[in-house]
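Which chain is which? The protein sequence lines are A and B, in order. Residue numbering for the first sequence follows my numbering, beginning at 1317 and increasing consecutively. Residue numbering for the second sequence follows my numbering, beginning at 16 and increasing consecutively.
The reader is advised that the hints may include incorrect statements.
[Stated by the list, open to error] Think about it this way: if two alpha-carbon atoms lie no more than 25 Å apart in a straight line, the pair counts; the simulated SDA-like pairs of lysine to any residue are:
| id | chain 1 | residue 1 | chain 2 | residue 2 |
| --- | --- | --- | --- | --- |
| 1 | A | Lys1353 | B | Arg53 |
| 2 | A | Lys1357 | B | Ile127 |
| 3 | A | Lys1356 | B | Ala17 |
| 4 | A | Lys1372 | A | Ser1348 |
| 5 | B | Lys32 | B | Gly74 |
| 6 | A | Lys1357 | B | Gln99 |
| 7 | B | Lys30 | B | Gln95 |
| 8 | A | Lys1419 | B | Gln115 |
| 9 | A | Lys1357 | B | His112 |
| 10 | A | Lys1319 | B | Lys32 |
| 11 | A | Lys1372 | B | Lys30 |
| 12 | B | Lys30 | B | Ile127 |
No lab work stands behind these hints, which were simulated from the structure alone. All of these numbers come straight from a predicted model, not from anything done at the bench.
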Amino acid sequence: EDKVVQSPLSLVVHEGDTVTLNCSYEVTNFRSLLWYKQEKKAPTFLFMLTSSGIEKKSGRLSSILDKKELFSILNITATQTGDSAVYLCAVPNSGNTPLVFGKGTRLSVIA
Amino acid sequence: GAGVSQSPSNKVTEKGKDVELRCDPISGHTALYWYRQRLGQGLEFLIYFQGNSAPDKSGLPSDRFSAERTGESVSTLTIQRTQQEDSAVYLCASSAHRDQPQHFGDGTRLSIL
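Turn these sequences into a full structure, and let the hints guide you.
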């Protein structure tokens, strides 16, 4: 069965800290891995990593995919209170498009 | 519209009633998805529409759940004879193509009394 496991489940840091969120996955026929940020409502798309794009960066956020070890990390540098959210990792399940989501990492950034 | 639109944003109903949730995808997106998110839990896939193909209903938890989509436009998720365990946020997403990122609506928060 396809599986996505995120760690830690929750994290509290101070503004300015750097954080690393982890996502490991087990899926046959890997196609992509996606990261989303969920604040109060809709998950917001951050990155999609594929075999041809294993590293992405946008501002203070960056993500790397390790296809050999079957995991991805999401890095946030110089964290701000606005980064407080649940970060979700997801992969399309084998043979189908719908995403299998991890339970998320709840990040709290305090001033 | 600019993004995925869902209505209503909140719905409170009594156990045993039927409810209909609506999703307007991003214009031009051929793929549409419904997910359920229980309090403190991850997203759970319900159903997926791709163009005019038969929908993938493999995630629907029971025959009380059904969904329709007309062409590449609006979709409606219907829950019949609601139960308290149906209380959750129901999220809709759409993507331009099956291998493109999914973009989510704000969801409908359903509360069954």
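To see whether the hints hold, each was checked on the structure:
no.	hint	verdict
1	A/Lys1353 <-> B/Arg53	17 Å, holds
2	A/Lys1357 <-> B/Ile127	19 Å, holds
3	A/Lys1356 <-> B/Ala17	19 Å, holds
4	A/Lys1372 <-> A/Ser1348	13 Å, holds
5	B/Lys32 <-> B/Gly74	22 Å, holds
6	A/Lys1357 <-> B/Gln99	21 Å, holds
7	B/Lys30 <-> B/Gln95	10 Å, holds
8	A/Lys1419 <-> B/Gln115	22 Å, holds
9	A/Lys1357 <-> B/His112	23 Å, holds
10	A/Lys1319 <-> B/Lys32	34 Å, violated
11	A/Lys1372 <-> B/Lys30	46 Å, violated
12	B/Lys30 <-> B/Ile127	6 Å, holds
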